[in-house]
Amino acid sequence: MYISFRNCKRRFQLTVILGLFFTFFNQTSFSQSIISGKVKITNESKSVFGVNIFVNNPKSLASISYGITDEKGGFSIKVQSDSDSLLVIFRSLTTQEYQLMIANQTQNLAVILEEGVQEIPEFTLKSIKNPVTFKNDTLSYAVEGFTNQNDRVIADILKKLPGIEVLDNGRILYEGKGIQKFYIDGMDLLEGKYNLASRNLPADAVESIQILENHQPLRVLDSLVFSDRASLNLKLKKKNVWVGTGTAGLGASPLLYEGKFSPMTFSNDLQMLFNVQSNNSGKDIAQELNVLTLEDLQEKIGAQEGFKPWFGIPSLLAPTIRQDRFLFNQSQMISANVLKRNQGGTDLRTNISYIHDNHRQQGGINTSYFLPNDTIQLVESHQNKFLNKELDAELSWIKNEKKSFLKNNLNLNLLKNREVGMSQLDGVNWYQNANLPLFSISNCFQTLKPIGRQLLNIKSDIGYRQAKQNFAVSPGGFEQQLTDGLPYERLNQQIDYQSIFAHHTVGMTKGLPKNWTYTGNIGLIYEIEGMGSNLQTSVGDSQGEISKPFLNDLIFRQVKSYIHSQLNLKKENFNLQFKFPISHVNINVEDELMSQQSEVARIILEPQLYMKYFLTGKWNTTLRLTRKNDFNGINDIHYGFIIRNFRTFQQRASSVPEVLSNSLNYGINFRDPINSIFSSFNYSYVDSRHNVIMDSEVTSSGEVFYRALDLNNRGVSHLTNLRISKYLSLFKTNLTFSGNYQQRTNEQIINSVLSNVRYEFLGSGFELQINSGKKVNLSYKANLNFISSQVGELKTGGIMQFNHNASLDVFIFENQTATLKWEHYDNRLSGGRDLTGFVDFMYQYKIKNSRWDISLQGQNILNNSNFGTFTADSFFLRQQSFLLRPRQVMVILNFVF
Amino acid sequence: MLSFVFVLLFNFSAVEIQEKDTSEYAVFYEVEFRSDSTDLDFVSKDIMVLFVGKNVSKFRNFYQMKRDSLIKEAAAQNMDVDNFIPYLNQVQKPKMSYAIVKDWGKKVYEYHDLIFPDHFVFESSLNGNNWEVLDEFDEYEGHKVQRAITNHGGRVWEAWFSAEIPINDGPYVFGNLPGLILKINDSKNHYSFQMIKIEKKNEVLSHKAKRKPIKTTRSKFFEMQHDFNTNVIGKMVSGGVTLTDANQAKDVQKRYDRKNNPLEIKVID
Chain L
308 MYISFRNCKR RFQLTVILGL FFTFFNQTSF SQSIISGKVK ITNESKSVFG
358 VNIFVNNPKS LASISYGITD EKGGFSIKVQ SDSDSLLVIF RSLTTQEYQL
408 MIANQTQNLA VILEEGVQEI PEFTLKSIKN PVTFKNDTLS YAVEGFTNQN
458 DRVIADILKK LPGIEVLDNG RILYEGKGIQ KFYIDGMDLL EGKYNLASRN
508 LPADAVESIQ ILENHQPLRV LDSLVFSDRA SLNLKLKKKN VWVGTGTAGL
558 GASPLLYEGK FSPMTFSNDL QMLFNVQSNN SGKDIAQELN VLTLEDLQEK
608 IGAQEGFKPW FGIPSLLAPT IRQDRFLFNQ SQMISANVLK RNQGGTDLRT
658 NISYIHDNHR QQGGINTSYF LPNDTIQLVE SHQNKFLNKE LDAELSWIKN
708 EKKSFLKNNL NLNLLKNREV GMSQLDGVNW YQNANLPLFS ISNCFQTLKP
758 IGRQLLNIKS DIGYRQAKQN FAVSPGGFEQ QLTDGLPYER LNQQIDYQSI
808 FAHHTVGMTK GLPKNWTYTG NIGLIYEIEG MGSNLQTSVG DSQGEISKPF
858 LNDLIFRQVK SYIHSQLNLK KENFNLQFKF PISHVNINVE DELMSQQSEV
908 ARIILEPQLY MKYFLTGKWN TTLRLTRKND FNGINDIHYG FIIRNFRTFQ
958 QRASSVPEVL SNSLNYGINF RDPINSIFSS FNYSYVDSRH NVIMDSEVTS
1008 SGEVFYRALD LNNRGVSHLT NLRISKYLSL FKTNLTFSGN YQQRTNEQII
1058 NSVLSNVRYE FLGSGFELQI NSGKKVNLSY KANLNFISSQ VGELKTGGIM
1108 QFNHNASLDV FIFENQTATL KWEHYDNRLS GGRDLTGFVD FMYQYKIKNS
1158 RWDISLQGQN ILNNSNFGTF TADSFFLRQQ SFLLRPRQVM VILNFVF
Chain W
1050 MLSFVFVLLF NFSAVEIQEK DTSEYAVFYE VEFRSDSTDL DFVSKDIMVL
1100 FVGKNVSKFR NFYQMKRDSL IKEAAAQNMD VDNFIPYLNQ VQKPKMSYAI
1150 VKDWGKKVYE YHDLIFPDHF VFESSLNGNN WEVLDEFDEY EGHKVQRAIT
1200 NHGGRVWEAW FSAEIPINDG PYVFGNLPGL ILKINDSKNH YSFQMIKIEK
1250 KNEVLSHKAK RKPIKTTRSK FFEMQHDFNT NVIGKMVSGG VTLTDANQAK
1300 DVQKRYDRKN NPLEIKVID
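Same order as they appear, the protein sequences are chains L and W. The first sequence begins at 308 in my numbering and counts up one residue at a time. The second sequence begins at 1050 in my numbering and counts up one residue at a time.
Just chain W, same shape as in the assembly (with noise of 0.2 Å):
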C-alpha cells in the first residue's frame, strides 16, 4: 500500500520535473564576436548550448560544460584515468563565461557569471514583447526564417527565426519570437549568435555556480566588468594577488584592454 501510494508520489513529482526543471532540446549555437573594436580583424569563437524545457530555458557554454563533466566523471567513477588529462587539455578555454536561466512564465533572466575571483549572480526582466518583425524572409540551411529587429544593451540586434519550430526562445536573453531564432547578431556585427545543431536532450535547467554566488543588479555588474577589464592589476590586488614585476602588470592590463567592446554596452536598469 504504502509502496503504491510512494510510486505515486513520485511519478506525481517526477511529472512536475518534467514539465519545469529539465530540458527537452538542445540548441547549439556557434558564437563569433570581435571583443576590440579598435582590431576588428581580432575576432573570437565560441560554442554556446540552449537547454529548452516548457517554460524554462538554460544557455551555457558548451567548453565550459565538457570541462565540468570531465572532472565530475574523474571523480565519480573507476574512469580510464590515462585519459583524464588529455581530455582536459582537448577542450577549448570557454570565452564567455556566463550563464543564463531564462524563466518565460515569470518573465525574468537570471544572469551567472565569474568577475575573478569571486561568482556573481543578477535577475532582470525578460522585455520579450519588444520585437518589429518584419517581411522579410530568408533561407537559413534548409529552414525558412523571417527577420526580426529588437533593441538590447546598446545595440540594434537582427534576428531570424523560423515560424516552423515552435521553441520560442533563442540564444543570450532574446526569444518571445513565434519560432526557434536560428541566427542573430547586433548591426555592425560584432556578435553573432548561429544555429549549428539541434538534438533531444534532457538537461537539468538550474544553474549552480562553483561558489556561492553574490546577488547584485544587472548595472552593477556590466560596471564592474568594466572596472575589471580597464584596471585589472588594482582589481586583482584586492582579490588577492599581487602582480610584483611592474613590466608584467603593464603586459596584463594591455590584453584586457582587448575587452573593451562588451555585447552589451549600455546598462542602465
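Bound-form chain L, shown alone (with noise of 0.2 Å):
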C-alpha cells in the first residue's frame, strides 16, 4: 500500500507507512534500522537519479545518515540511532522538497515526488577581474622565474621559454614556427631584422614577454583571417632612459679585437636602436641584418631576382665545418633604427645600415675532369680578397588602423663590392680584379580595405637598378680565340647594366564557411633589363677591342599577368591547401648587334596541392604535390660571350630557358610521447624538364667554354629519408638515427658527347644527448656518407665521409661554465684521405650580482692550418684545401648598461 503525500514542507506527520518487508532488530541502546526503497517522480520521463536523502533526528534535527538515488531511484541507508522516530528528507534540483517521518525500523520505503524546479540562489563571494575592460596603462603579463641573474640579452631569455625555440641564426620559433612578428612595445622598429634586438636588448629592461598566438599583424584583416602563427611582443619596464649592451674582446694570434656598441631608448612614441661592430676574430656580422621573419621574406614574393654578377674571382666552396673557422676579415658595421609614432597613429621608421667588411680566403683546388675521351687533371690555387661596402637606407611609412592599412617602403641600396684574385695554374700567375657596384632603389606600397565582409589587398612594387662592372685578368688567357694566338698582357671585361622593375596585384581574402579561406590575386609585372658587354685585350697602353661573338647589346622584356587562387582548409584533423595559378607569360629577348632573338608567349598552370591528415593522436601524414614552370631571366640568355672567370666563357645563345618540373613529397610521422619515440619517414620525387642543356668544353689548358644549346633534357631525382629518436628517461638521454639517401639523374653535353650524369648519397647519423640537468650535458653526434657520381658508364669516383662531433658542457659552480668541443673530420677519396680535427673550449665567468660576463675563448687549440674536403658533381671530381684560421685564444667581456 502506498501513500503519498503532497505539500508536507512544514507538516511533521506521525504515520507509519508500512511496506512489503518488515524486519525487526534487537539492539539495546543503538538500534539500527535500514531504510531502502524507491523513488520516482510524477513526471515518468524525468531521471530519478541523484536525488539526495537525509535521515535526521526529528527532535534536535541532527543529521545521522544519508543515501543518494541510483539511476532507478533505488537507495538503501544504514541508520544507527536511538530515535524512536525519523525524519527523511528528498531533495534534489528537479523535485519538491519532500519530508516524511517514519519509525526508526528497517522498512521499505515507495516515494512519489513532485516535479519542482530549485533554484539555487546566484551567489557571488568574490568577484573576478573581468577582463573585458581595455585599461590603457594595464597591460600586464609577466612570464614567471624564467629570468634571472644571468640573463644579459633578451635573446638568453627567449630560449628558455617553452615552445620557443632559438636558431643559430637567430631566427626564433614559437611550436615549431617561424614567428610573424617582433614587437617591442607593441612597435616594429626593425621589421623583421630582429636579430639587432634580440642579442643586444638588455634583458633587464625587459618587463614581460608576451606571445601573442593567432596573432594577426595586420588589424585590418583581424576579423577576417585567422592566423595560426604567433607574434612576440617585448614589454619594456626601463622606458625613456638609454640601455643597452657592449662586448670588448682581446686575444691572439694574431692581435685579435672584437667590439660591439648598442646602446637604444624607448618611449611611447619613440624609439631607437643603434649598433655599432667591429671585429677581426672571423665573426660574421651581416647576421644581424638578416630579415628573419617570414612575411617580412614573403614580401619578396612576386619581387625581382635578386641580382647576380656574370663574373668574378672563382670562389672556394665552402666546406661544411662553421665559417668562423676559414672566416679572415676585417669586419665594421653601423646601424641606426628609429621609429616614431604620430599622432594620427602613423608610425615612420627609419633604418639604415653601412657594412663595410674586407676578408680574405686561400687554398687550393685540384680538379678531375672526366672527359668522353680524355680525363683532365688541373692543379690551381686560390688567395682571394672580398672587399665589400654596402649601404642600406629605407624609410617606411605606417598606418596600421582597424579600418585601414596603408604602408610605403622605400629603399636605396649602394653595393660598392670589388674581389681580388691572385690564381696559380699550371706555374702561371692569374691576376683578377673585379669591380662589382651596384645601386638600386625601389618603392613598396601596399593597402589594405575591407569591403564588406572582403577584404581588398593592393600592392604596387617598382624598382630601378643600374650597375657599370668589370673585371681584369691578367695576362689575358684565350689567345686562341682572341688574339689569333698573340699573347698579350691584360684582358678586360665590361657590363653595363640597367633595369626597370614593376609588380602591380590586387588581391582579395575570403573567410568561407565550415574552416575554408579564398585568397585571390590578380597581378602585373613588367620588367625590362638591358645588358651591353665589350671586351678588350691590351697590351702596355694599346687597346683592342674584341669583336662579336664577344659582344652583347641585350634587352631583356618580360610581361607576365597572373590570376592566382588559393583555398585552405583547417579542421582538427585535416588541413589542405590547394593554390592554382594561371598566368600569361610573354618574354622577349633581342640583341641587335648580335641579331639574335628569342620569344615566348604562353599560358602557364602551376597547381599545388597540401594535405595533412591527422590519423590518431599519434600519427599523421603529409602529402604535396607541385607543379611549376619557371622561365631563367638576363643571366641565362646572351648570345654573345662573357667571361666567367680567369679561365671559362660562357654563352647563352638559345632560346628562353624554361624548367618545368612535376613534384611528389610524401612525408609520415609517429609521435608516441609515452613511449618517448619519435619518428618520419619523407619521400620526395622531382621530374624536371628542360629546353636548354649546358655544352661544356674543356680544353687541356683548363680553358672552359660554356655554351647553351636547344635540346630538350630531363633530370629526375629521388630522395628519401627516415629518423627515428627515443628518450630513455632512466639515464636523461636522448639517442637519434638518421638515414638518407637521394639519387639524382641528368643530361649534360661534355666536349660535344652526351651523356647521363648521376649522382647517388647514401647517409646515416647517429646522435645523443646526455642531459644530466645539474652538472654536466653531452652531445655526441657522428655521420657517415657514400657519395658517388658516374657519367656514362664511368663511375667518377666515390668520397666517403665519417664526421664526429662532441661537445661537453660543466657547470662548475653557479656561475661558472666550462665547455669543450671536439669536431673530427675523415673525408675519403679513391686514393687520397683528409683527416682533421678541431677542439675548443670556453670557460665563463658570470659576475655575481651583475650581468656582466667574462669568458676565455680558445678555437683550433689543435692550431689546424689547413681543412681538405671532396665533392663530386656531374662530370668532374674537386678536392679542395682551405687555409684555416691558426690557433686563437680571446678575452671577451660582454656588458649592459
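One should not assume that every hint holds.
[Claimed, not checked] Computed footprint of chain L on chain W, listed as stretches where at least three residues anywhere in the stretch have a Cβ under 8 Å from a Cβ of chain L:
1) 1216-1227
2) 1232-1246
3) 1262-1274
[What the hints assert, rightly or not] Under the rule of at most 25 Å between Cα atoms (straight-line distance), these lysine-lysine pairs were calculated in the BS3-like manner:
4) W:K1261 with L:K925
5) W:K1155 with L:K379
6) L:K1082 with W:K1308
7) W:K1269 with L:K1039
8) W:K1264 with L:K878
9) L:K615 with L:K723
10) L:K886 with L:K935
11) L:K353 with W:K1250
12) L:K877 with W:K1257
13) W:K1142 with L:K545
14) W:K1264 with L:K919
15) W:K1094 with W:K1237
16) W:K1257 with L:K925
17) W:K1315 with L:K1039
18) W:K1155 with L:K353
19) W:K1142 with L:K542
20) L:K925 with L:K1039
21) L:K1128 with L:K590
22) L:K347 with W:K1156
23) W:K1257 with L:K878
24) W:K1156 with L:K345
25) W:K1308 with L:K1039
26) W:K1142 with L:K544
27) L:K544 with L:K647
28) W:K1257 with L:K919
29) L:K919 with L:K821
30) L:K366 with W:K1193
Hints in this document: simulated from the structure, not taken from any laboratory. In this text the structure is predicted, and so the values were computed from the model without any measurement. We put the CB at the ideal spot given by N, CA and C, even for glycine.
Can you join these two chains into the complex? Each is in its own frame, and there are hints to help.
See below:
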C-alpha cells in the first residue's frame, strides 16, 4: 500500500508506512535500521538519479545518515540511532522538497516526488576580475621565473621559454613555426631584422615577453583571416632611458679584437636602436641584419630576382665546417633604426646600415674532369680578397588601423664590392680584379581595404637597378680565340646593366563557411632589363676591342599577367591547401648587335596541392604535389660570350630557357610521447624538363667554354629520409638515428658528347644527447656518408665522409661554466684521405649581482692549418684545401648598461 | 507536415541535449596551491569553474576558457579589434591546465591535459562511495556545511558540503556527497578549492582539445608528467625544441623543480 503526501514541507506527521518487508532488530541502546526503497517522480520521463535523502533526528534535527538514489531511483541507507522516529528529507534540483516521518525500523519506502525546480540563488563571494575592460596603462602579463641574474640579453630569456626555439642564425620559432612579427612595446621597429634586438637588448630592460598566439599583425585582417602563427612582443620596463649592451674582446694570434656597442632607448612614441660593431676574429656581422620573419620574406615573392654578377673570382666552395674557422676578416658595421609614432596613429620608421667588410680566403683545388676521350687534371691555388661595402637605407611610413592599412617602403641600396684574386694554374700566376658596384632603389606600396566582409589587398612594387661592372684578368688568356694566338698582357670585360621593374597586384581574402578560406590575386609584372658588354685586350697602353661573338647589346623584356587562387581548409584532423595560379608569360629577348632574338608567349598553369591528415593522436601524414614552370632571367640568355672567371667563358645563345618540374613529396610522422619514440619518414620525387642544355668544352690547358644549346633534356631526382628518436628517462638520454638516400640523374653535353650523369648519396647519422640537468651535459653526433657520381658508364669516383662532433658542458659552480668541443672530419676519396680534428674550449664566469660576464675562448687549439674536402658533381671530382684561422685565444667581456 | 515533424524531432533532440550535454549552473572555485614542497611560502592562485548538468559535469580553468573564447570571438565577427590584443594580455596565464568531464551515471571521468607539446586524455573511475561523513558542522558564507573525509591520489581530503544545495558534485574529481562541495582541501593544506561564485549558465559539457589527444591511462599520464618535470630539457628535445645554451638549460630545469608537489602524489591504477 502506498500513500503519497503532497505539500508536506512544513507538516510533521506521525504516520507509519508499511511496506512489503518488515524486519525486526534487537538492539539495546543503538538500534540499527536499514531504510531502503525506491523514488519515483510524477513525470515519469524525468530521471530519478541523484536524489539526496537525509535521515535526521526529528527532535534535534541532527543529521544521522544520508543516501543518494541510483539510476533506477533505488536507495538503501543504514541508520544507527536511538531515536524512536526518523525524519527523512528528499531533496533534488528537479523535485519539490519532500519530508517524511517514519519509525526507526528497517523498512522499504516507495516515494513519489512532485516535479519542481529548485533554484539555487546566484551568489558571488569574490568578484573575478573581468578581462573585458581595456585599460591603456595596465597591459600586464608577467613571465614568472624565466629570467634570472644570469640573463644578459633578451635572447637569453627567449631560449628558455617552453615552445620557443632560437636557431643558430637567430630565427625564433614558436611551436616549430617562425614568428610572424617581433614587436617592441607594440611597435615594429626592426621589420624582421630582429637579431638586432634579441642579441643586444638587455634582459633587465624587459618586463615581460608576450606571445601573441593566432596573432594577425594587420589589424584590418583580424576579423577575417585567422592566423595560426604567433608573434612576439617585448614589454619594456625601462623606458625613456638609454639602455644597451656591449662587448669588448681582445686576443691573439695574431692580434685579434672584437667590439660591439648597442645603445637604445624606448618611449611611448619614439624608439631608437643603434649598433656599432667591429671585429677581425671571424664573426659574421652581416648576420644581424638578416630578415628573419617569414612574412617579411614573403613580401619579396613576386619581387624582382636578386642581381647576380656575370663574373668574379673563383670562390672556394664553403666547406661544412663553421664559417668562423676559415673566415679571415676585418669587418665593421653601423646600424641606426628609429621609429616615430605620430598623433594620427601613423608610424614613420627609418633603418640605415652601413657595412664595410674585408675578408680573404686561401686554398687549393685539384680538379679531375672526366671527358669522353680523356681525363684532365688541373691543379690550382687561389688567394682571394673580397672587399665589400654596402649602404642600405630604408624609409617606411605605416598606418595600421582597424579600418584601413597603408604602408609605403622606400629602399635605397648601394653596393661597392670589389674582388681581387691571385690564382696559380700550371705555374702561371693569374691576377684578377673585379669591380662590382650596384645601385638599387625601390618602392613598395601596400594598402588593405575592407569591402563588406571581404578584404581587398592592393600592392605596388617598382624598382630601378643600375650597375657598371668590369673584370680584368692579367695575363690574358684564350689567345687562340681572341688574338690569333698572340700573347697579350691584360683582358678586360665590361658590362653595363640597367633594369626597371614593376609589379602591381590586387588581391582578396574571403572567409568561407566551415573552416575554408579563399585568397585570390590578380597581378601584372613588367620588367625590362638591358645589358651591354664589351671585351678588350691590352698590351702596354694600346687596347684592342674584340668583336663578335664577344659582344652583347641585349634587351630582355618580360610581361607577366596572372590570376592566383588559393583555397585553405583547416580542421581539427585535416589541413588542406590548394593553389591554382594561371599566368600568361611573354618574354622577349633581343640583341640588335648580334642580330639574334628569342621569344616566348604562353599560358602557364602551376597547381599545387598540400594535405596534412592526422590519423590518430600519434600518426600524421602529409602529401604535397607541385607543378612549376619557371623561365630563367637575363643571366641565362645572352648571345655573346661573357667571361665568367679567369679560365671560363660562357655563351647562352638559345631560346628562352625554361624548366618544367613536377614533384611529389610524401611524409609520415609518428609521435608516441608515452614511450618517448618519435619518427618521421619522407620521400620526394622531382621530374624536371629543360629545353636548353649546357655544353661544356674543356681544353687541356684548363680553359672552359660553356655554351647553351637548344635540346630537350630531363632530370629526375629521388630523395628518401628516415629519422627515429627515443628518449630514455632512466639515463636522461636522447638517442636519434637517421638515414637518407638521394639519387639524381640528368643529361649533359661534355665536349660535344651527350652523357647521362648520375649522382648518388647515402648517408647515416647517429646522435646522442645526455642532459643530466645539474652538473654535466654531453652531446655527440656522428655521420657516415657515401657519395658517388657517374658519367655514362664511367664511375668518376666514390667519396666517403665520416664526421664526429661532441660537446661537453660542465657547470662548475653557480656562475661558472666550462665547455669543451671536439670535431673530427675524415674525408676519403679513392686514393686520398683528409683527416682533421678541431678542439675548442670556453670558460665563462658570470660576475655576481650584475649581468656582466667574462669569458675565455679558445678555438682550433690543435692549430690545424688546412681543411680538405672532396666534392663530386656531374663530370668532375674536386679536392679542395682551405686555409684555416690559426689557434686563437680571446678574452671577451660582455656588459650591460 | 514535414516541418511539423522536423520541429518535433528538433524539440525532442533539444530535450535530450538539454538533459545531458549542457549545464545548468556554473560554480566558480578559487584554487590556492603550493607546488613546491621545499618552499611552502610560494603559493599559486588560480580559478576553476565547475559546470554542472544532470549527470555530467565539466571542470575547467576559468582563465583558459576566457582566452579561448576571446580568440574565437575575434575570428568569428567584426569585433572591436583595438581591444583584442590587450584582452588576451589582461587574462592571467592559467596554472592548472587540465579539464575534467565527469559522468556520474557511468561513474567515469575523462581527464584532459597537455604535456608539452602533446595533448593527452585518460579515463578513470569515479569512486564516489568512499566518503566518511562526519557529524561536524560549520558555516561557510551563509551556508551550513558539513564535513566529510576521503582519500584520493595519496592525499587525505577534507570537504565541506552544503546539504541545502542539491548539486552532488564538486571540484576536481570529487563529488557524490549529498550536496555541493563548497570547500575542499587536503589535510596538509597544500591544495585547496573554495567556492566563490555560483551562477546560472548553459555550457556544453564536452571538452575538445586543440589537437587530437593521445589516449593513455591515469598512472601512465602522471608518470609522464613527473618525468617531464624532472627532466624538462631531455623531454623538450624529443618534443623538437632544443636549448642550445647549457646555462639556460640549467635554469629552466630549476623552474620545473618547483613543481615537485603535484595534486596526485600516489597513482596506482
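Status of the hints after comparison with the structure:
1. Beta-carbon proximity to chain L at under 8 Å applies to 4 residues in the segment 1216-1227 of chain W; the threshold of 3 is reached and the given coverage holds.
2. Against chain L, the segment 1232-1246 of chain W contributes 3 residues with a C-beta closer than 8 Å to a partner C-beta. That satisfies the three-residue criterion, and the hint holds.
3. Counting residues of the segment 1262-1274 of chain W whose beta carbon lies closer than 8 Å to any beta carbon of chain L gives 6, which reaches the threshold of three, so the coverage claim holds.
4. Annotation: proposed proximity of W:K1261 to L:K925 holds, straight-line Cα distance about 9 Å (limit 25 Å).
5. With a C-alpha separation of about 13 Å, the suggested pair W:K1155 and L:K379 falls inside the 25 Å cut-off, and the hint holds.
6. Restraint check for L:K1082 and W:K1308: the C-alpha separation of about 20 Å stays at or below 25 Å, so the hint holds.
7. Distance check on the hinted pair: W:K1269 and L:K1039 sit about 18 Å apart at the alpha-carbon level, within 25 Å; holds.
8. Restraint check for W:K1264 and L:K878: the C-alpha separation of about 20 Å stays at or below 25 Å, so the hint holds.
9. With a C-alpha separation of about 14 Å, the suggested pairing of L:K615 with L:K723 holds against the 25 Å cut-off.
10. For a cut-off of 25 Å, the pair hint linking L:K886 to L:K935 stands: about 12 Å separates their Cα positions.
11. Between L:K353 and W:K1250 the CA atoms are separated by roughly 21 Å; this keeps the pair inside 25 Å, and the hint holds.
12. Simply put, L:K877 and W:K1257 have alpha-carbon atoms about 16 Å apart, close enough for the 25 Å limit, and the pair holds.
13. Restraint check: the Cα-Cα separation between W:K1142 and L:K545 comes to about 23 Å, which is no more than 25 Å; the hinted pair holds.
14. This hinted pair checks out: W:K1264 and L:K919 have alpha carbons roughly 21 Å apart, not beyond 25 Å.
15. For the proposed pair W:K1094 and W:K1237, the alpha carbon gap of about 17 Å is at most 25 Å, so the pair holds.
16. In summary, the hint linking W:K1257 to L:K925 is supported, as the alpha carbons are separated by about 17 Å, within the 25 Å threshold.
17. Among the hinted pairs, W:K1315 with L:K1039 is consistent with the structure: their alpha-carbon atoms are about 23 Å apart, no more than 25 Å.
18. For a cut-off of 25 Å, the pair hint linking W:K1155 to L:K353 stands: about 17 Å separates their Cα positions.
19. Taking the CA atoms of W:K1142 and L:K542, the gap is about 16 Å. The hint holds against a cut of 25 Å.
20. As the CA atoms of L:K925 and L:K1039 are separated by approximately 23 Å, the hinted pair is consistent with the 25 Å bound.
21. Simply put, L:K1128 and L:K590 have alpha-carbon atoms about 18 Å apart, close enough for the 25 Å limit, and the pair holds.
22. Between L:K347 and W:K1156, the direct Cα distance comes to roughly 22 Å. Compliance with the 25 Å bound is thereby established for this hinted pair.
23. A distance of roughly 13 Å separates the Cα atoms of W:K1257 and L:K878; the hinted pair therefore holds under the 25 Å criterion.
24. Proximity of W:K1156 to L:K345 is assessed by CA-CA distance (about 20 Å); at most 25 Å being required, the pair is judged to hold.
25. Between W:K1308 and L:K1039, the direct Cα distance comes to roughly 18 Å. Compliance with the 25 Å bound is thereby established for this hinted pair.
26. Between W:K1142 and L:K544 the alpha-carbon distance is near 20 Å, which keeps this suggested pair within the 25 Å criterion.
27. The suggested pairing of L:K544 with L:K647 holds, with an alpha-carbon distance near 19 Å, which does not exceed 25 Å.
28. Using a Cα cut-off of 25 Å, the hinted pair W:K1257 and L:K919 holds, with the two alpha carbons roughly 20 Å apart.
29. Under the criterion of a C-alpha separation no larger than 25 Å, the hint pairing L:K919 with L:K821 is consistent with the structure, at around 17 Å.
30. For the hint linking L:K366 to W:K1193, the alpha-carbon distance of about 18 Å falls within 25 Å, and the restraint holds.
Checked against the numbered hints above, the structure breaks none of them.
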